[in-house]
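Protein sequences appear in the order of chains A and B. Numbering-wise (this note's numbering), the first sequence opens with residue 185 and increments by one. Numbering-wise (this note's numbering), the second sequence opens with residue 185 and increments by one.
Since the hints were derived computationally from the structure, they do not count as laboratory data. Predicted model, so just to flag it, every value in this text is computed and none were measured. There may be inaccurate statements among the hints.
It does not matter which identical chain is meant; a pair holds if it fits inside one copy or across any two.
Derived pair list, reagent style DSS-like, types lysine-lysine, alpha-carbon separation capped at 27 Å [said to hold, decoys possible]:
(1) K442 to K271
(2) K442 to K481
(3) K431 to K347
(4) K206 to K364
(5) K431 to K481
(6) K462 to K268
(7) K373 to K410
(8) K410 to K364
(9) K338 to K271
(10) K481 to K373
(11) K298 to K268
(12) K271 to K373
(13) K315 to K247
(14) K324 to K298
2 protein chains.
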Amino acid sequence: MSDILVVGSVAYDTIATPEERKEDLLGGSANYFSLTASLYSKVKVVGVVGDDYRPQDIAILEKRNVDLRGLQKVSGRTFHWEGKYEKDMNEAITLDTQLNVFENFDPQLPEEYKTSKYVFLANIDPDLQHKVLDQIESPKLVGVDTMNFWINSKLDSLRKILKRVDVLLINEGECRELAKTWNTVNAVKHLSEMGPRAVIVKRGEYGFLMYSEGQYFVLPAFPVSKVVDPTGAGDTFAGGFFGYLSKINGNWNLNHVKHACIHGCLLASFTVEDFGLKALQKVDWPEVEARQSDYFKIISYLD
Amino acid sequence: MSDILVVGSVAYDTIATPEERKEDLLGGSANYFSLTASLYSKVKVVGVVGDDYRPQDIAILEKRNVDLRGLQKVSGRTFHWEGKYEKDMNEAITLDTQLNVFENFDPQLPEEYKTSKYVFLANIDPDLQHKVLDQIESPKLVGVDTMNFWINSKLDSLRKILKRVDVLLINEGECRELAKTWNTVNAVKHLSEMGPRAVIVKRGEYGFLMYSEGQYFVLPAFPVSKVVDPTGAGDTFAGGFFGYLSKINGNWNLNHVKHACIHGCLLASFTVEDFGLKALQKVDWPEVEARQSDYFKIISYLD
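All chains should be built: construct the whole structure from the sequences, respecting the hints.
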């Protein structure tokens with residue numbers, strides 16, 4: 185087991201689905217990631233919150249023993265995102281983004297963070313991703329996520345990040361956009377040529393596709409019969425993925441990386457079952473194991 | 185091994201993709217199905233063509249030993265469909281449908297067809313599906329496909345068909361429409377309550393989801409790096425599915441049905457690699473086996 189460092193957003197989200205609307209839900213990529221990865225290993229968070237950040241939201245992570253020394257508290261309001269989902273629940277439509285304290289975020293790592301071996305750079309400005317990576321001495325596994333906004337506005341910086349990371353975790357739409365090709369199977373090859381040893385495409389309700397060492401690995405998602413709120417599923421995937429590999433922390437091979445993808449997928453299936461972090465908060469290890477066992481039955485074609 | 189009867193359209197298609205446009209390609213559900221299923225078993229076709237139907241298109245099926253005594257030849261033009269695909273290649277946009285000789289199609293089965301044990305009712309008017317089924321003595325496995333047009337115009341007849349079949353094979357969008365729910369995992373349960381012992385949802389590039397005997401079985405599609413034309417992939421799936429089960433023709437269990445889904449999926453991955461029936465025409469058994477072996481590697485998470 186080895187510590188995992190994550191840098192990302194810590195946010196309050198307002199989310200509308202066809203059935204309900206919820207205001208000021210705890211959210212943000214760093215929260216989804218760390219609440220998940222902390223089921224496996226010790227997690228260290230780098231992020232920023234405003235003075236409106238609720239003490240009980242700190243407590244949620246503390247309960248999972250997450251290290252929050254790298255969570256800066258500054259004057260102003262916490263990052264706020266508002267989005268809605270339509271019937272098919274596949275894609276969020278952003279209604280409002282208020283960067284607030286996130287606008288001037290300057291990630292400074294506490295000394296104890298700089299020796300982190302597992303590093304996840306969630307979807308933030310690639311310039312900040314570089315800044316975080318510059319402060320880390322000799323990471324063992326670095327993963328990165330990104331989104332269309334950075335593909336369009338900071339492509340050069342993003343391309344440079346891809347040369348510095350081991351794993352790219354990306355949504356299917358953004359994978360196609362970054363690779364400039366509509367075929368995902370083809371797109372991941374292009375992206376892997378840009379640097380990462382493994383490219384993992386998150387396909388929402390359809391699971392994931394990984395490309396690494398010239399091989400594809402594709403599996404479906406766990407079938408969820410009531411998707412309440414898909415927000416954070418991608419960061420949860422990353423949390424399960426990093427959690428699994430950091431827990432092994434040996435010389436893992438491609439097979440371990442495959443199992444890490446499966447764990448990402450399984451943990452994400454909890455997240456979508458309730459609003460925000462609610463479902464994830466309640467998940468414990470026996471539930472993860474039970475879902476894994478159900479999942480293996482669902483994809484099994486052997487007698 | 186047991187004979188398979190298919191009733192469906194035999195057509196000429198005009199298809200435009202972002203890269204190319206092809207006129208008067210051989211198509212139709214019965215052709216895709218029988219060209220596939222004939223790799224496994226003897227196939228009998230029930231359908232209708234006009235006097236413009238080209239002898240070389242008959243020869244394609246004859247080469248695979250398909251029984252065409254049930255293919256009526258009448259005066260007039262063959263059914264013609266025109267469609268286009270946009271960048272994501274996921275959904276066909278119908279530009280023109282000319283029923284022609286298909287408009288007055290009255291399926292009459294040759295005597296030798298009436299003892300068929302395996303019956304696939306491709307996507308045609310549910311009234312005609314009933315008419316075919318009425319003529320068959322004691323089928324062992326009946327499958328049906330349908331589409332939004334019949335869901336909207338002949339729902340009663342379609343519901344009655346569902347009570348007479350063992351397997352429903354349906355596109356994801358149409359599954360949701362017929363079940364009146366947006367969640368596919370939930371929708372298949374509703375549909376299975378309407379009659380079929382197994383409901384198989386075809387998800388295009390994402391594979392399939394089956395629900396049977398209270399269990400889900402979900403797997404991804406074979407990753408295809410160049411999708412040329414997805415037309416007919418669903419009927420190819422049905423052909424591989426029926427082909428596999430008819431070849432066993434024993435008391436197959438759920439595990440055989442799972443393998444039949446996998447074969448459907450694998451065969452469909454050939455179809456999309458070229459326009460119309462071109463790729464499927466060239467496929468032979470060793471290629472199917474090679475693809476199956478590749479597929480099992482791609483979805484394998486075991487050492």
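Right, here's what the structure says about each hint:
In this homomeric assembly, K442 and K271 never come within 27 Å of each other (Cα to Cα): the closest approach is 31 Å inside a single copy and 30 Å across copies. Taking identical chains as interchangeable, the C-alpha atoms of K442 and K481 lie at most 27 Å apart whether they share a chain (17 Å) or sit on different chains (12 Å). With identical chains, the CA atoms of K431 and K347 are at most 27 Å apart within one copy only, with a shortest distance of 25 Å there and 51 Å across copies. For a Cα distance limit of 27 Å, the shortest separation of K206 from K364 across copies, 25 Å, qualifies, whereas the shortest one inside one copy, 36 Å, does not.
In this assembly of identical chains, K431 and K481 lie within 27 Å of each other by CA distance both inside one copy and across copies; the values are 24 Å within and 26 Å between. Proximity of K462 to K268 under the C-alpha cut-off of 27 Å is restricted to the intra-copy arrangement: shortest distance 18 Å within a copy versus 43 Å between copies. Taking the closest pair of Cα atoms, K373 and K410 come within 27 Å of each other only across two copies (13 Å); inside a single copy the shortest separation is 34 Å, beyond that limit. Proximity of K410 to K364 under the C-alpha cut-off of 27 Å is restricted to the inter-copy arrangement: shortest distance 14 Å between copies versus 34 Å within a copy.
Taking CA atoms no more than 27 Å apart as the test, K338 paired with K271 passes between copies only; the shortest distance there is 25 Å, against 32 Å inside one copy. For the homomeric pair K481 and K373, the shortest alpha-carbon distance between copies (18 Å) is at most 27 Å, but the shortest distance inside one copy (30 Å) is not. Proximity of K298 and K268 under a CA criterion of 27 Å is satisfied in neither setting, with 38 Å inside one chain copy and 54 Å between copies. Within a single copy, K271 and K373 get their C-alpha atoms only as close as 32 Å, which misses the 27 Å cut-off; across copies the closest is 19 Å, which meets it.
With identical chains, the CA atoms of K315 and K247 are never at most 27 Å apart, being 29 Å at best within one copy and 65 Å at best between copies. Taking the closest pair of Cα atoms, K324 and K298 come within 27 Å of each other only inside a single copy of the chain (12 Å); across copies the shortest separation is 67 Å, beyond that limit.
Going down the numbered hints, you'll see the structure goes against 1, 11, 13, while the others check out.
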